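Engineer: The residues making up each chain are set out below.
Protein chains: 2
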Amino acid sequence: MESNSLERRSLLQELMLRGIRITGQRKALIETIQEADCHVDAATLLTLARKRDSRINRATVYRTLELLKKLRLIDELDLMHLNGEKHFYEAKTNIDHMHLACFRCGRIEEFTTPLFERLKAEIARQNGFHIRVVRLEVGGQCSKCCALAKGCMDCGEEACCKASEKAAI
Amino acid sequence: MESNSLERRSLLQELMLRGIRITGQRKALIETIQEADCHVDAATLLTLARKRDSRINRATVYRTLELLKKLRLIDELDLMHLNGEKHFYEAKTNIDHMHLACFRCGRIEEFTTPLFERLKAEIARQNGFHIRVVRLEVGGQCSKCCALAKGCMDCGEEACCKASEKAAI
DNA sequence: GAGGAGTTGCGACTTAGTCGCAACTAGTCG
DNA sequence: CGACTAGTTGCGACTAAGTCGCAACTCCTC
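Chains as they are written, first to last, in the numbering used here: chain A, 50 to 218; chain B, 50 to 218.
Any given hint might turn out to be false.
Because identical chains cannot be distinguished in the list, a pair is counted as satisfied if it fits within a single copy or across any two copies.
To be verified - Straight-line Cα separation of at most 16 angstroms, EDC-like style, residue types lysine to aspartate or glutamate; simulated pairs:
#	residue 1	residue 2
1	K119	E166
2	K118	E134
3	K76	E171
4	K135	E125
5	K118	E63
6	K76	E115
7	K100	E80
8	K135	D145
9	K118	D90
10	K100	E159
11	K76	E159
12	K100	E84
13	K193	D90
14	K119	E139
15	K119	E63
16	K135	D124
17	K118	E166
18	K118	E139
FYI, nobody ran anything at the bench for these hints, they're computed from the structure. Keep in mind the model is a prediction, meaning the values are calculated, not measured.
Start from the sequences, fold in the hints, and give me the full structure.
Structural biologist: Rendered as structure tokens:
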């Protein structure tokens with residue numbers, strides 16, 4: 050049975066299943082990541098998690114993120130450096146998805162298509178590569194901004210969104 | 050006519066065509082990027098470029114990379130943070146390609162397939178998104194390392210490469 | 001060859017992320 | 001229950017990537 054919506058797993062449960070020690074700090078951090086409505090960076094995560102457990106230290110944030118990354122429970126993103134050099138984190142979803150970052154309004158869209166899975170399969174097959182993590186990030190201009198600007202910001206005057214429509218046929 | 054090999058353009062020529070001033074520093078940096086046989090990070094780029102023009106300053110490296118990125122003449126990569134937090138740069142190719150980073154031996158493979166272009170087209174069409182940059186990075190274990198290790202490092206004892214083969218059918 | 005817009009070097013600064021070590025604690029075992 | 005200990009944390013100092021303002025310089029045009 051397939052679902053089109055992205056499901057995120059319960060990180061805490063996964064940790065316990067793997068026999069990893071649950072500390073107050075880890076609990077607070079994980080809950081913060083899971084209940085955040087958007088992608089959080091390390092600094093924001095620290096601030097938010099401190100509301101749950103004021104003891105949390107910056108080093109613990111990085112160490113916990115490292116742990117969760119290694120266990121493949123979270124994904125690390127750059128979001129095309131829309132907001133400087135920081136990294137963003139999100140709980141992994143049942144199927145991989147890509148991120149579309151609008152350089153104009155800064156909005157991040159998540160998108161998934163069966164083609165992505167097919168592409169991954171082809172990568173694995175053609176290169177004999179065992180895939181552990183995939184990161185597909187797209188930067189450009191979202192549909193709303195294209196409509197607003199009647200074309201694309203970075204191409205100057207030209208209505209280059211039309212070109213991309215053509216290319217999509 | 051399609052070619053399967055990745056062609057990189059002459060960055061210097063592109064700059065001139067766009068009426069951008071060619072300075073000694075920019076020339077040295079661009080030549081360094083184009084003649085590097087692998088992906089270079091900012092610090093390495095500085096060191097290498099100084100062999101051509103000793104005046105070059107660190108700030109100029111970052112400013113030039115920024116310029117080339119904005120003009121879409123180079124791509125910026127993380128290579129899955131295989132080597133810490135630095136970014137890597139390469140001259141854009143005629144068709145987009147993805148990077149496969151082996152967590153075991155550290156090798157970077159470049160890979161291209163028509164499926165990637167189809168995926169980009171689908172992203173553009175389904176979301177009305179005008180794509181400016183795409184970055185697809187894959188981390189895992191390359192075929193050589195899978196063969197050597199008779200399975201996959203990060204899955205422990207299990208021969209998880211077989212699982213990925215199965216998934217690729 | 002002169003003029004000026006654009007570029008650069010310098011150096012101080014910011015911010016992300018790391019590390020060693022002593023103190024603490026979650027979970028286990030008796 | 002209470003003690004034990006491997007694993008985790010806080011602290012604080014550190015590294016490394018990247019940025020910025022400003023004065024000096026230089027590429028390009030005329």
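Engineer: My question is about K118 and D90: at a cut-off of 16 angstroms on alpha-carbon distance, are they close within one copy, between copies, both, or neither?
Structural biologist: Close inside one copy (14 angstroms), not across copies (24 angstroms); limit 16 angstroms.
Engineer: Within, between, both or neither: how does the pair K76, E171 come out at a Cα-Cα threshold of 16 angstroms?
Structural biologist: neither (38 angstroms within a copy, 39 angstroms between copies)
Engineer: Evaluate K118 and E134 at a C-alpha cut-off of 16 angstroms and name the case that applies: within, between, both or neither.
Structural biologist: between (18 angstroms within a copy, 15 angstroms between copies)
Engineer: Within a copy, between copies, both or neither: which one fits K135 and E125 at a CA-CA cutoff of 16 angstroms?
Structural biologist: Result: close both inside a copy and across copies, 10 angstroms intra and 15 angstroms inter.
Engineer: As a check of your reading, is K119 near E166 (CA-CA no more than 16 angstroms) within one copy, between copies, both or neither?
Structural biologist: neither (22 angstroms within a copy, 31 angstroms between copies)
Engineer: At most 16 angstroms between alpha carbons: which applies to K100 and E159, within, between, both or neither?
Structural biologist: So K100 and E159 fail the 16 angstroms test inside a copy (28 angstroms) and across (44 angstroms) alike.
Engineer: When Cα atoms must be at most 16 angstroms apart, do K119 and E139 count as within-copy, between-copy, both, or neither?
Structural biologist: Answer is within: at 14 angstroms inside a copy they meet the 16 angstroms cutoff, but 28 angstroms across does not.
Engineer: Can you tell me if K119 and E63 fall within 16 angstroms by alpha carbon in one copy, between copies, both or neither?
Structural biologist: within (13 angstroms within a copy, 42 angstroms between copies)
Engineer: Is it within, between, both or neither when you check K135 against D145 at 16 angstroms Cα-Cα?
Structural biologist: Classified as neither: same-chain Cα gap 21 angstroms, cross-chain 25 angstroms, threshold 16 angstroms.
Engineer: When no copy is specified for K100 and E84, does a C-alpha distance of 16 angstroms or less occur within a copy, between copies, both, or neither?
Structural biologist: For K100 and E84, only the intra-copy Cα distance (13 angstroms) is at most 16 angstroms; the inter-copy one is 51 angstroms.
Engineer: At most 16 angstroms between C-alpha atoms: does K118 with E139 qualify within a copy, between copies, both, or neither?
Structural biologist: within (10 angstroms within a copy, 27 angstroms between copies)
Engineer: Is it within a copy, between copies, both, or neither that the alpha carbon of K76 lies no farther than 16 angstroms from that of E115?
Structural biologist: Within. Shortest intra-copy distance 15 angstroms satisfies the 16 angstroms Cα cut-off; inter-copy 40 angstroms does not.
In summary, the numbered hints that this structure violates are 1, 3, 8, 10, 11, 13 and 17.
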